[in-house]
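Number of protein chains: 2
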Amino acid sequence: MPLNGISSGLIRIDEIIEPVILNKKILENMENSRRSFLRKAALGTLAAVSIPEIISAAAPKKGLKKIQLLRDQTILFQGDSITDAGRNKAENAGYNNPGALGSGYAMLTAAMLMEEYAGLNLKIYNKGISGNKVYQLAERWDKDCLELKPDVLSILIGVNDFWHKLNGNYNGTIEIYRNDFIALLDRTVKALPNIKLVICEPFAVPGVKAVDEKWFPEFYEYQKAAREIAEKFGALFVPFQKAYDEAVKVAPASYWTGDGVHASLAGAQLMAEAWSDATGLGE
Amino acid sequence: MPLNGISSGLIRIDEIIEPVILNKKILENMENSRRSFLRKAALGTLAAVSIPEIISAAAPKKGLKKIQLLRDQTILFQGDSITDAGRNKAENAGYNNPGALGSGYAMLTAAMLMEEYAGLNLKIYNKGISGNKVYQLAERWDKDCLELKPDVLSILIGVNDFWHKLNGNYNGTIEIYRNDFIALLDRTVKALPNIKLVICEPFAVPGVKAVDEKWFPEFYEYQKAAREIAEKFGALFVPFQKAYDEAVKVAPASYWTGDGVHASLAGAQLMAEAWSDATGLGE
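Chains as they are written, first to last, in this note's numbering: chain A, 891 to 1173; chain B, 891 to 1173.
Rather than coming from a laboratory, the hints here were simulated on the basis of the structure.
Check the hints yourself; a few may be wrong.
Pairs count within a copy or across copies, as identical chains cannot be separated in the list.
[Claimed, not checked] With a cut-off of at most 30 Å between alpha-carbon atoms, the simulated DSSO-like pairs for lysine-lysine come out as follows: (1) K1099 - K1122; (2) K1080 - K1013; (3) K1099 - K956; (4) K1055 - K956; (5) K1033 - K956; (6) K1139 - K1013; (7) K1139 - K979; (8) K1139 - K956; (9) K1055 - K1013; (10) K1104 - K1033; (11) K1139 - K1122; (12) K1039 - K1104; (13) K1132 - K1114; (14) K1013 - K1099; (15) K1099 - K979; (16) K1039 - K1139; (17) K1013 - K1132; (18) K1104 - K1139; (19) K1099 - K1033; (20) K1132 - K1033; (21) K1104 - K979; (22) K1132 - K1099.
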């Protein structure tokens, strides 16, 4: 299929115009200032945003290795119900279509990527399955991950490893979560040495239905484990909890999540933007 | 429900920092330069983008009256199958949720608005129905528009007025389309004098299944009528055809639309961004 030359390169417009009119520092600040209402709110309050804050927020994050997408690459979203989000699980559901991608953050992120990198002919899959814990990802990993040979793999897993234990339906521990997750990633990077990993933080929004005081502080251990595992594997880490913590300052928790665990459409968009920010793949 | 003060104002960050470090002109240029890959491509080719082009693209469009959203406002998307996009049509489907909003541009636009203006407590409805022509909107207008009292009404209608005629299933003409559309809007502004109207351009992408040479130039008349009606009513106009025309320079037409008429997820995101650009409500 015909594709013109401009689609295969990811030249940033700020690199092009830099020498002519503006230095890169200012452009980076502007880039930051253009982020969403929520992002602005996260910097303080809108009226109180100051230049130093913007500059500080625009500074490169330590150790951040952003993803560079290339032509014909495959991106896979993996996880539990939050990733699943009602996707069509038929064998022939395919990729890049709303049915296969569900109605959550994976679909919204995919839509953004497919438009932003339209010339790259990306394949974007969602293989999240409702209720999954890490060991259940492991059980279906050959078929639902390794055989797809993703170039970028994003995993959001852990809330059920904790929640199902809390409600008496699972005997897992934080050690099992950690060890299972590490084993899964060891297996993944052994099979696909060039894979780019994105580890998403499990999150819970207190005060909405399912999430009460019994969740804390124990749930924090699962979040800490996910972050440490991301570091161990050199993965990009998406701080979803922070995104929700900031979001509930702007609108009620119930606006972002119906039960404290599953995202509303607004919550899914929040997550898609957090994902794009963390990976450097947003517009 | 608790909402903090920052959510009720729509202070733009560029207004805040303007006096301190940068003049507004540069900020507007930056704002423009931050748009998507596709938008950059639309300016020429990425490598060939020049400062004059950016400045020109950043210049305010003549007569553009951007929408200012306020607290508790209602936004309604109306139209045919492209708007419908498989939404749940149950009486109690509600608003702001993926089911009620479908899987098309209306849902993606809603997701962006709900995150961007999270503090405003917006209600966003989709009442598009597959196959609709203007007269069918009119038949259900009391229930599916006026009774919802939208503050912002976005309408995409016209492709079936032409297409169903082309395939012999409808006897409408361009005059009927124009007159019916004007009558519908007269009725709307009479009932809701403060409504903000957004008229979306019917579009067709040649060379993909349904859209062949028989569509042109006659289909252009429907597009011209929609644009003229937007002008007549002081509505914002969303140039979807231009968005697709630029998009097919970056990826094949079939990437954006399965049949030349209905958007893929990538096409829906393209439309959501075009809608946001045209209304000034994008991030």
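Hints violated by the structure (listed by number, smallest first): 1, 3, 4, 7, 9, 10, 11, 12, 19, 20, 21
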